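**Student:** One-letter residues, chain by chain:
There are 2 protein chains.
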Amino acid sequence: MGTMGFIGLRYMGRFGVCPSRFGSLTLGSRGIPRRAVSALVFRAHGDPAEVLRLEELELPALGETEVKVRMLAAPINPADINMVQGSYAILPSLPAVGGNEGVAEVEEVGAKVDRLKRGDWVVPSDLGSGTWRTVAVCAETSLQRIPNRLPLAMAATLSVNPCTALRMLHDFIPLNPGDFLIQNGANSGVGQSVIQIAASMGVKTINIVRKRPELEALIAQLKALGADHVFTEEDLRKPALNDVFKDAEPRLALNCVGGKATVDMLRHLVNGGTMVTYGGMSRKPVTVPTSALIFRNLNIRGFWVTQWKKDNAHDPSRFDAMLEELAALCRTGRLVSPALSEYPLKDYREALDNAMQPYSSRKQLLVM
Amino acid sequence: MGTMGFIGLRYMGRFGVCPSRFGSLTLGSRGIPRRAVSALVFRAHGDPAEVLRLEELELPALGETEVKVRMLAAPINPADINMVQGSYAILPSLPAVGGNEGVAEVEEVGAKVDRLKRGDWVVPSDLGSGTWRTVAVCAETSLQRIPNRLPLAMAATLSVNPCTALRMLHDFIPLNPGDFLIQNGANSGVGQSVIQIAASMGVKTINIVRKRPELEALIAQLKALGADHVFTEEDLRKPALNDVFKDAEPRLALNCVGGKATVDMLRHLVNGGTMVTYGGMSRKPVTVPTSALIFRNLNIRGFWVTQWKKDNAHDPSRFDAMLEELAALCRTGRLVSPALSEYPLKDYREALDNAMQPYSSRKQLLVM
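Sequence lines, in order, name chains A and B. If you count the first sequence from 1, position 259 lands on 393 in our numbering, and the numbers rise without skipping. If you count the second sequence from 1, position 290 lands on 424 in our numbering, and the numbers rise without skipping.
Since the hints were made in silico from the structure, they are not lab data. In this text the structure is predicted, and so the values were computed from the model without any measurement. One or more hints might be untrue.
The list treats identical chains as interchangeable, and a pair is accepted whether it falls inside one copy or across any two copies.
[As the list claims (entries may be wrong)] BS3-like mimics (lysine-lysine), calculated; alpha carbons at most 27 Å apart, straight line:
1) K394 to K380
2) K444 to K380
3) K345 to K372
Based on the provided sequences and hints, a complete structural model is requested.
**Tutor:** Encoded structure:
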């Protein structure tokens with residue numbers, strides 16, 4: 135998840151397909167439907183505008199270890215679109231419900247559910263949950279409680295991008311106040327979270343964006359979030375910029391682009407520095423000069439928040455601690471959600487259309 | 135050092151130039167020469183056959199903290215050639231004496247030298263030493279003692295390639311008996327050391343070489359050293375090979391090639407595995423699919439034994455321990471030097487010519 139862009143399928147063989155979760159998708163009639171569910175279903179991969187349809191599904195009976203939830207809001211992330219198109223590395227079995235992130239309220243719990251109760255706010259803890267729907271029945275273990283005094287838009291978008299940003303800032307190199315990091319795709323959902331969380335840590339950010347219409351407005355927006363420097367990819371190749379980096383050599387680089395823009399970013403990383411790749415918007419691979427590995431001892435890593443969640447599934451307290459840390463930043467105004475446009479579920483076509491526009495720094499949110 | 139191939143100069147700005155060491159190169163007449171030194175000098179970068187000349191130099195007086203050594207033997211490594219050509223990332227100031235590795239015997243020590251004594255065998259501890267000469271005066275701190283009951287050829291070639299191999303096997307991931315690693319350029323000096331040291335640890339090796347004349351003889355040679363599997367780059371792309379990797383997923387990959395061959399090797403690395411780059415024979419960069427970083431959590435690193443030596447210069451006991459570990463493997467026959475051709479210093483042209491032949495698995499050794 136996160137700002138993936140279009141990941142090649144070359145390495146898919148090692149993953150296979152994830153089951154459609156967050157309540158089973160029972161499309162046939164199986165006994166008497168207890169309640170109708172509206173959901174954005176795709177029965178084939180392709181252009182989201184063509185393959186996604188709003189359908190009425192039936193809701194399965196609530197099992198002993200299951201929870202019935204009402205979706206409150208769910209964003210449209212780039213990875214969601216790639217998953218519908220069939221270009222994401224992890225694909226659900228079809229038919230499937232779209233969407234992988236969102237916030238829901240617990241309406242009813244099975245007899246053996248003990249960690250969740252009616253009224254709790256929850257987010258899915260894995261991919262393939264199908265959040266673009268009104269109601270779901272799902273395993274207690276597939277849900278993670280989230281502090282429910284957050285603004286709805288924040289709660290709906292907290293568990294992927296801000297979690298990705300937080301983990302990349304905490305888990306790769308120790309960052310101290312005054313240290314610098316550099317990131318590309320700085321206006322992405324993750325990028326905006328990185329700027330704000332880094333600022334809360336006293337870590338300074340050098341932010342790279344693509345040249346675009348209304349660049350000045352974007353620069354002002356990112357600086358308002360706490361960005362120390364904002365440059366375009368073209369700026370990064372100008373010798374004049376070397377002065378900036380003389381006293382601000384970044385120790386960490388965060389990459390969601392790939393290709394030439396990433397090579398240019400690597401050039402400014404301190405010897406011994408680490409670059410973490412979490413997306414590939416350019417659809418180009420990460421190319422590292424041999425000399426940068428040998429003589430500059432760069433460390434090239436990757437991060438996928440879904441894997442972090444899987445690896446920590448045995449200890450939900452780690453997930454709790456992460457969400458609580460982010461919620462605390464939200465409550466004190468140090469972390470705000472990206473600019474959002476809200477749409478009722480029935481207006482999903484317009485929302486998808488806007489989500490697929492280039493240079494968009496706004497996130498589209500479906501509100502159920 | 136090691137099997138570098140031709141490293142681009144793009145990242146050179148961060149290193150600058152290393153001084154000519156291992157005795158100063160005094161080309162003018164400064165007082166009465168105490169003794170003549172024969173040395174292979176280059177006064178400009180270019181084709182080694184053209185720019186290298188055997189010259190008589192004068193030897194400076196021995197300082198209090200200096201040591202006078204007589205060179206016994208020095209190899210011609212790919213990095214030495216690149217340094218003469220001017221294509222290596224670290225270049226000496228000119229004029230300079232060629233050669234960076236070799237074994238010497240201590241003949242005389244200054245009044246304040248306490249770590250070395252007459253008769254000790256020593257190797258240079260940094261680049262730019264200029265080992266292609268008969269005699270040198272150099273700082274005690276620029277020398278490292280080496281066990282002197284080793285065969286001469288082994289002693290002369292122990293401090294770069296076998297040290298590179300040993301460190302890459304020890305310092306990146308824990309390797310247990312039965313684990314697999316994969317390496318390309320497996321017939322290089324480092325590659326042959328990796329095979330032998332890994333075998334002594336019970337670690338199995340999958341070795342990739344380029345298709346070449348007399349491939350069968352090379353495969354037999356590497357298997358005799360302890361290689362478990364030897365494949366060509368073309369073999370690596372055949373689906374049939376997937377069966378081999380089913381029970382032998384390598385956790386570590388060692389790369390001295392770059393380009394397509396390296397992408398092919400990465401495909402076989404286990405999820406979460408590490409690739410260490412120590413050379414770039416293809417002159418192409420290391421290209422990593424974005425998905426391999428994100429979804430397979432590969433870790434892309436680099437290693438340069440010269441940097442390891444610099445980083446550990448404050449504690450010569452670490453260098454001692456490394457050389458002792460290698461010497462022990464030599465004494466028990468578990469580590470042998472690569473096939474060598476020996477030349478007197480005056481026949482350096484023939485030695486250089488042979489060192490620059492493609493597909494050579496023999497090392498050329500100048501014996502003084």
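**Student:** Run every hint past the structure and note whether it holds.
**Tutor:** Evaluation of the provided hints:
1. K394 to K380: within (22 Å within a copy, 35 Å between copies)
2. K444 to K380: between (40 Å within a copy, 24 Å between copies)
3. K345 to K372: within (14 Å within a copy, 43 Å between copies)
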